[in-house]
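Given chain A, work out where chain B should sit, using these hints.
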Amino acid sequence: MDSKVAAVVAAAAALMLLRVDFWWWNEVKPPVLFEWLSAPMLYQLGILLCGWALAVYAAGHLWKDDA
Amino acid sequence: MSLRVFTILAIVFGYLGLIVAIGWWSSRRTRATMEDYHMAGREFGSLVLFASVFGANISAVTFIGIPGMAYHRGWVAWPYFVTAWGWLTPLLFHVVGHRAWQLGRRLNYMTIGEIIGGRWGSPYLTMIISAIIITYTIPYLMTGLIGAGVTLEVVTDGFVPSWVGALIVALVVVIYLTKGGMRASAWVNTFQTLVFLAGAVLMFVAVAMALGGPASATRRVMELHPELMSRGGMSMKQFFSYGLIVGLAVPLFPQVFTRLLTGKDPASLRKIITLYPPAALAVFFMMAYLGMWGRVAIPGLEGAQSDEILPRLLTAYTPFWMMGILAASVFAAMMSTLDAQLLAMSTILTREFLPRLPFIPNSERVQVRVSRGLVVVLTAVAYAFTLINPPGIISIVEFAFAGFAALMPAVLGTLYWRRCTKQAVAASAVLPQLVLVGLTFGWIDRSWTFGFLPGFIAIGVAVAVILIVTWMTPETENTDGYFLSPARAGGSEAPVHA
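As you go down the protein sequences, you meet chains A and B in turn. Letter by letter, the first sequence follows residues 282 to 348 in my numbering. Letter by letter, the second sequence follows residues 2 to 499 in my numbering.
The shape of chain A in the complex, shown without the other chains (with noise of 0.2 Å):
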């Protein structure tokens, strides 16, 4: 497997694990940013813009448009 491939495989593999914020699993987080969204939100929100810089990357720089 080419190193930029298996680069991006095991970050996808490392965001689904580091998806599960157990640290905060269950316990209630006042909000911290216009008083509505709270560390946990903002946590998720950041594994989605991680996933999505991913995404981009691959689409970018792995992509082959010969098979």
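Incorrect hints may have been included.
Unchecked claim - Simulated DEER-style distance windows between Cβ atoms:
no. : chain 1 : residue 1 : chain 2 : residue 2 : range
1   : B       : Asp266    : A       : Leu314    : 33 to 43 Å
2   : A       : Glu308    : B       : Gly452    : 12 to 22 Å
3   : B       : Ile176    : A       : Gly327    : 44 to 54 Å
4   : A       : Ala320    : B       : Val202    : 18 to 28 Å
Unchecked claim - One side of the interface only, derived from the structure: several residues of chain B facing chain A at Cβ under 10 Å:
no. : residue
5   : Trp79
6   : Val83
7   : Thr90
8   : Phe94
9   : Asn109
10  : Gly248
11  : Pro267
12  : Leu270
13  : Thr275
14  : Tyr277
15  : Pro278
16  : Leu282
17  : Ile299
18  : Pro300
Because the hints were derived from the structure by calculation, they are not lab data. Every residue, glycine too, gets a C-beta built ideally from N, C-alpha and C.
Just chain B now, with coordinates in the frame of chain A:
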């Protein structure tokens, strides 16, 4: 009939009329060939491709199921789906969709079954895969009709019963789909995607403002239902496993997969990968908060009753003219999936099953006519099932999603693993489905899930089976042109035999 109900119905019927008109207009160029009816000549640019794929993906689950789930479980409803599916699915559009697009162009494939069975020239493998896909698409198909019926019943205060609402939507979809096939469906979906994206924003803003703003609404939830803020109603194992299931399942939905093959070039596909995550987040985020705020605004909904929370919020907090527009945008999300599912199932049946019947003539014109007839029959079957009054929408699709996700190892093995054998792919497609059904219905002891969702175990079984059976079975020859040699990069198209 009150003026309020009359206005809402006038807006909704005006919208449905517009949809039929767009479908009719876009179908002028549709020719009576299988390639044109089912794939629209594979000519779509990035905007239509994105709207068509996203519209096929966003369904009643989003506009009815997510608010319903957030009503009972809180904000976790959006990361439950989006923080895995929102990026993993676009990543798989690259991994699976791009390769499938190339094969579709080169070898004229239109379905997942053809791409898998086609590697070994095995029509039986194609039919096995397609039978599994059809089995899981039917319950998912029902959700669109159920959601449409519920929405119209609630926003008209029961004036239009849900069975009538579902019937109206079914008829509208049948009209433009039989006329224009994929081209009509894709252009209608482009319009519908714009409508439901704008409608979601409008609904969110209107309801949030009526509740005193997001901060005030969230504060009330923290005071009255703090459990909705803690995610305590869901186990971490469920959260983890469902993320994987939904992320792997969506690229294999037939309505999504077939559309990935209709792009005119790889650049179109690449652009939708970039657009998908923010669009997915926007819709799910807003729907989940509306559902959670709905718990304090309209308390007391039990079980699957919470599927009505969005239309109830619209009824309670928006002026009735706006409610008509918003109800139309909910319809847009449902119809864009419904038509894509119907067309995809018609494609599968016409391409893979009907040619084996001796009384079907081998003529493209007849096959297109049969495809149109199948759209009508499939709609009638799905409608009949919706009248049975099944449980909550999320429960229905959770099962279907797991079935699709368990097919992913077979798909990846077929597309990328040259040593992989057709026996391994067949076993990896079928055995996990038996495990999934066994665990879901309790025929296999639930303790074997170890706290994860049954679909997660089924995916694990699929991976193990494809590895073991490939190791146990001899290599077999691939179809010419399925794999291209590295020399292709230099301009030569030398096929490789495994």
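Consistency of the hints with the structure:
Taking 33 to 43 Å as the suggested C-beta distance range, the pair B:Asp266 and A:Leu314 conforms, at roughly 41 Å. Taking the beta carbon of each, A:Glu308 and B:Gly452 are about 20 Å apart, inside 12 to 22 Å as hinted. A hinted range of 44 to 54 Å holds for the C-beta pair B:Ile176 and A:Gly327, which are about 45 Å apart. Distance hint check for A:Ala320 and B:Val202: the Cβ-Cβ separation is about 25 Å, which falls inside the suggested range of 18 to 28 Å.
Hint on B:Trp79 holds. Least Cβ distance to chain A is approximately 8 Å, under the 10 Å limit. Against a cut-off of 10 Å between C-beta atoms, the interface hint on B:Val83 holds, since the closest Cβ of chain A lies about 6 Å away. The beta carbon of B:Thr90 comes within 9 Å of a beta carbon in chain A, closer than 10 Å, and the hint placing it at the interface holds. For B:Phe94, the interface hint holds, since its Cβ comes within 10 Å of a Cβ in chain A; the closest pair sits about 8 Å apart.
A least Cβ separation of about 17 Å between B:Asn109 and chain A goes past the 10 Å threshold, and the interface hint is therefore violated. At a threshold of 10 Å, the smallest CB-CB gap from B:Gly248 to chain A is about 8 Å, leaving the interface hint in force. Look at B:Pro267: its Cβ gets to within about 5 Å of chain A, closer than 10 Å, so that hint holds up. For B:Leu270, the interface hint holds, the least distance from its beta-carbon to any beta-carbon of chain A being 8 Å, beneath 10 Å.
Evaluation of the B:Thr275 hint against chain A yields a held restraint, the C-beta minimum of about 5 Å falling below 10 Å. Residue-level restraint check for B:Tyr277 holds (minimum Cβ-Cβ distance to chain A is 8 Å; threshold 10 Å). Because the beta carbon of B:Pro278 sits about 4 Å from the nearest beta carbon in chain A, less than 10 Å, this interface hint is met. Given the 10 Å rule on beta carbons, the hint for B:Leu282 holds: about 6 Å separates it from the nearest Cβ of chain A.
With a cut of 10 Å, the hint placing B:Ile299 at the interface with chain A is violated, because the nearest CB-to-CB distance is about 20 Å. Because the beta carbon of B:Pro300 sits about 19 Å from the nearest beta carbon in chain A, more than 10 Å, this interface hint is broken.
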